[in-house]
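Heads up: the sequence lines are chains V and F, in that order.
Per this note's numbering, residue 1 is the first one in the first sequence, and the count goes up by one each step.
Per this note's numbering, residue 1 is the first one in the second sequence, and the count goes up by one each step.
I should point out that these hints are in silico values taken from the structure, not numbers from a laboratory.
The C-beta atom is built at its ideal place from N, Cα and C for all residues, glycine as well.
Be careful, since some hints might not be right.
Straight-line distance between alpha carbons at most 30 Å, and here's what the computed DSBU-like set of lysine-lysine pairs gives [said to hold, decoys possible]: (1) LYS315/V x LYS98/V; (2) LYS402/V x LYS96/F; (3) LYS402/V x LYS98/V; (4) LYS108/F x LYS96/F; (5) LYS445/V x LYS116/F; (6) LYS98/V x LYS75/V; (7) LYS315/V x LYS116/F; (8) LYS402/V x LYS22/F; (9) LYS226/V x LYS108/F; (10) LYS445/V x LYS315/V; (11) LYS96/F x LYS445/V; (12) LYS315/V x LYS22/F; (13) LYS108/F x LYS315/V; (14) LYS22/F x LYS96/F; (15) LYS96/F x LYS226/V; (16) LYS355/V x LYS402/V; (17) LYS116/F x LYS96/F.
Chain V side only, calculated, beta carbon under 10 Å to chain F, not exhaustive [what the hints assert, rightly or not]: (18) PHE18; (19) ASP19; (20) ILE22; (21) GLY139; (22) VAL345; (23) VAL347; (24) SER376; (25) ALA377; (26) ALA378; (27) ASP390; (28) ARG394; (29) SER438.
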Amino acid sequence: MPETMHIGCGAGFAGDRFDAAIPVVATLRQRTGARFLIFETLAERTLAHAQRLRLDDPTRGYSPWLERYVEPILKEAFQSGIRIVSNFGAANPMAAGKLICEIARARGLDGLKVGVVEGDDLRATMSDDELLSHAIIDGLAPPTGSLVAANAYLGGRPIAEALDQGADVVVTGRCADPALVVGPAMHTFGWREGEDDRIATATLAGHLIECGAQVTGAYFADPGYKDVEDLARVGFPIAEITDDQGVTITKADATGGLVSVQTVKEQLLYEVHDPTAYLTPDVTMDITSARVTETSANRVAIEGVQGHPAPELLKATLSYEAGWLGEGEISYAGPNAYARAELAVNVLRERCALKGLNTPVRFDIIGAASVHDGDSAALRSAGSFAPDGDYRVRAAVTSAAKDTAQFIADEVLSLYCSGPAGGAGVRQSVTPRLSTASILVARDKCQARVTLLEPGA
Amino acid sequence: MTDDDLVTVPLHEVAHGRTGDKGNRLNVSLFPYIDAAFDMLAEQVSEARVLEAFAHRGASAVTRHDLPNLPGFNFVIDDVLEGGVNASLNLDGHGKSLSYYLLGLTVKVPRAFVPKRQG
Numbered sequence: 001m002p003e004t005m006h007i008g009c010g011a012g013f014a015g016d017r018f019d020a021a022i023p024v025v026a027t028l029r030q031r032t033g034a035r036f037l038i039f040e041t042l043a044e045r046t047l048a049h050a051q052r053l054r055l056d057d058p059t060r061g062y063s064p065w066l067e068r069y070v071e072p073i074l075k076e077a078f079q080s081g082i083r084i085v086s087n088f089g090a091a092n093p094m095a096a097g098k099l100i101c102e103i104a105r106a107r108g109l110d111g112l113k114v115g116v117v118e119g120d121d122l123r124a125t126m127s128d129d130e131l132l133s134h135a136i137i138d139g140l141a142p143p144t145g146s147l148v149a150a151n152a153y154l155g156g157r158p159i160a161e162a163l164d165q166g167a168d169v170v171v172t173g174r175c176a177d178p179a180l181v182v183g184p185a186m187h188t189f190g191w192r193e194g195e196d197d198r199i200a201t202a203t204l205a206g207h208l209i210e211c212g213a214q215v216t217g218a219y220f221a222d223p224g225y226k227d228v229e230d231l232a233r234v235g236f237p238i239a240e241i242t243d244d245q246g247v248t249i250t251k252a253d254a255t256g257g258l259v260s261v262q263t264v265k266e267q268l269l270y271e272v273h274d275p276t277a278y279l280t281p282d283v284t285m286d287i288t289s290a291r292v293t294e295t296s297a298n299r300v301a302i303e304g305v306q307g308h309p310a311p312e313l314l315k316a317t318l319s320y321e322a323g324w325l326g327e328g329e330i331s332y333a334g335p336n337a338y339a340r341a342e343l344a345v346n347v348l349r350e351r352c353a354l355k356g357l358n359t360p361v362r363f364d365i366i367g368a369a370s371v372h373d374g375d376s377a378a379l380r381s382a383g384s385f386a387p388d389g390d391y392r393v394r395a396a397v398t399s400a401a402k403d404t405a406q407f408i409a410d411e412v413l414s415l416y417c418s419g420p421a422g423g424a425g426v427r428q429s430v431t432p433r434l435s436t437a438s439i440l441v442a443r444d445k446c447q448a449r450v451t452l453l454e455p456g457a
Numbered sequence: 001m002t003d004d005d006l007v008t009v010p011l012h013e014v015a016h017g018r019t020g021d022k023g024n025r026l027n028v029s030l031f032p033y034i035d036a037a038f039d040m041l042a043e044q045v046s047e048a049r050v051l052e053a054f055a056h057r058g059a060s061a062v063t064r065h066d067l068p069n070l071p072g073f074n075f076v077i078d079d080v081l082e083g084g085v086n087a088s089l090n091l092d093g094h095g096k097s098l099s100y101y102l103l104g105l106t107v108k109v110p111r112a113f114v115p116k117r118q119g
């Protein structure tokens, strides 16, 4: 019998369900062998938000939801030998590690060790000028003085090291999402860099579960076409990885949701561009030969994924301040609603012209055409819509000047008393924007390091 | 009417898929419900047709990666997110809804490629 490790996912993005990990832990407790629980809570811009929190308060800068994820399951996981791996350290993994020590101490979890992975923060090793001298491979170059954060994507090795040292909880900042699974697989099976097919196997499992319920029926359900039972209690995924490179995806027991060939295929290509070369710090994964087979209800096996050498350079994300987004919305419903909504758009357009605004403003009529449309409203212009209905006008502008963003929000509000008949339900927002750009950096610019914290010590 | 008769239907009747974003680039996966429909979809859902469908969003290039093993397709669409989640004025800066725009294209396929659904 091949040795099997079991690794579940408790969150697929910052703000994912806070109770999702509970059934995952309950299921993992029934399994034997190496068991892990990951939380993936760090989207591209999340880290920049966290960096701002750290600038305000040096003891913060980790995921603001860390406690909400950890509190419900820490005791059960620790007492059952389920080790937790997460990037919820965000901009301050050390502070996150100390917080988890405090939680462990308060709960009397004697002997719990926390491994903290640092080294992704490139502003510790490079000046902003040096960072900005790198070619931008995706996005726009940050304006001078706007940089908020610069972090490289670390791989699985430092996570494996922390586990090797005995960590029960591993906290990282920026790392490649699949590394949350690659690290535990390296630790469990002794897989090493350069064993490309093996690392690709773990990367595949990580890729499939790191978005949580997206592989178990969520972001999938389409009534009558792709039916999913009990989506309100959708079970989060568990990957089973064997030392002979088998991967099976399943989900927490006694939950809703679905693991099928279809759910796995959709997640297999999620955020993938060239399927022959999915790049991570640990491996180049080729999924073109993958075979996806349902072995029993809610159990799907994936075979045939290949690995090639990892890219020489590491990807890094630069986050920078990018002005303001101003938005306003107002509804028109009932007889002749579409004409009243169109009139509202025309009034707003003219108000912008009177103000001499030369920043492009986007107008949607939600209910006619919005998310599928372009900034020029080509779909709405070409379409015809029921005169009576329930329509919502939306105006949006982005600008370096907060005043401009505020202007559009104010103009929508003024439609209450100075616009077409029956305008209702105004909502406005003016929010600062963060933007990101990607660069490639030499591996020696980010020396990952592991610190082991012991609450008792 | 037999299963060989051709019907013109939205792609949504024949295939499923999802989108993912990276910056201003979108990928849309597409999988036929009936594996045998793969070749016909390859013929009808071409790069040129997808580029045209997303022209109103400013799409500048489409690359289709074929995965006959699954079987399925991966469309990579450049510049379709009007700046992406960082800069877009669209409510859907990630383009998460756009798989269902692709699934609105029509295709002409044998009836056998449209799964029977409870109704």
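Outcome of the hint check:
1. A distance of roughly 28 Å separates the Cα atoms of LYS315/V and LYS98/V; the hinted pair therefore holds under the 30 Å criterion.
2. For the hint pairing LYS402/V with LYS96/F, the CA-to-CA distance comes to about 28 Å; that is within 30 Å, so the pair holds.
3. Between LYS402/V and LYS98/V the alpha-carbon distance is near 38 Å, which puts this suggested pair outside the 30 Å criterion.
4. Only pairs whose Cα atoms come within 30 Å are accepted, and LYS108/F paired with LYS96/F is accepted, the gap being roughly 26 Å.
5. Of the pairs offered as hints, the one joining LYS445/V and LYS116/F is violated, with about 57 Å between alpha carbons and a cut-off of 30 Å exceeded.
6. A C-alpha spacing of about 16 Å is found between LYS98/V and LYS75/V, which places the hinted pair at or below 30 Å, so the restraint holds.
7. A hinted pair counts as satisfied when its Cα atoms are at most 30 Å apart, and LYS315/V with LYS116/F does not qualify at roughly 46 Å.
8. At roughly 27 Å between alpha-carbon atoms, LYS402/V and LYS22/F fall within 30 Å of each other, so this suggested pair holds.
9. The straight-line distance between the Cα atoms of LYS226/V and LYS108/F is roughly 21 Å, inside the 30 Å bound, and the hint therefore holds.
10. Under the criterion of a C-alpha separation no larger than 30 Å, the hint pairing LYS445/V with LYS315/V is consistent with the structure, at around 11 Å.
11. A distance of roughly 34 Å separates the Cα atoms of LYS96/F and LYS445/V; the hinted pair therefore is violated under the 30 Å criterion.
12. Proximity of LYS315/V to LYS22/F is assessed by CA-CA distance (about 13 Å); at most 30 Å being required, the pair is judged to hold.
13. Taken as a hint, the LYS108/F and LYS315/V pair is broken in the structure, with Cα atoms around 43 Å apart against an allowance of 30 Å.
14. For the suggested pair LYS22/F and LYS96/F, the alpha carbons sit about 11 Å apart, so the restraint of at most 30 Å is met.
15. Of the pairs offered as hints, the one joining LYS96/F and LYS226/V holds, with about 17 Å between alpha carbons and a cut-off of 30 Å not exceeded.
16. Distance hint between LYS355/V and LYS402/V is fulfilled; the C-alpha atoms sit about 15 Å from each other, no more than 30 Å.
17. Pair hint LYS116/F plus LYS96/F holds up; C-alpha atoms about 27 Å apart against a cutoff of 30 Å.
18. For PHE18/V, the shortest C-beta to C-beta distance to chain F is roughly 22 Å, which exceeds 10 Å, and the interface hint is violated.
19. Because the beta carbon of ASP19/V sits about 24 Å from the nearest beta carbon in chain F, more than 10 Å, this interface hint is broken.
20. The restraint placing ILE22/V at the interface with chain F is violated, with a minimum CB-CB distance near 27 Å, outside the 10 Å limit.
21. Checking GLY139/V against chain F by beta carbon gives a least distance of about 5 Å; that is within 10 Å, so the hint holds.
22. The interface hint given for VAL345/V is broken, as the beta carbon of that residue sits about 14 Å from the closest beta carbon of chain F, more than 10 Å.
23. For VAL347/V, the suggested interface contact is broken, since its CB lies about 19 Å from the closest CB of chain F, more than 10 Å.
24. A least Cβ separation of about 7 Å between SER376/V and chain F falls short of the 10 Å threshold, and the interface hint therefore holds.
25. Taking 10 Å as the C-beta cut-off, the interface hint given for ALA377/V holds, the closest approach to chain F being about 9 Å.
26. Against a cut-off of 10 Å between C-beta atoms, the interface hint on ALA378/V holds, since the closest Cβ of chain F lies about 4 Å away.
27. For ASP390/V, the suggested interface contact is broken, since its CB lies about 17 Å from the closest CB of chain F, more than 10 Å.
28. Interface hint status for ARG394/V: upheld, as the beta-carbon distance to the closest one in chain F is roughly 7 Å, under 10 Å.
29. For SER438/V, the interface hint holds, the least distance from its beta-carbon to any beta-carbon of chain F being 7 Å, beneath 10 Å.
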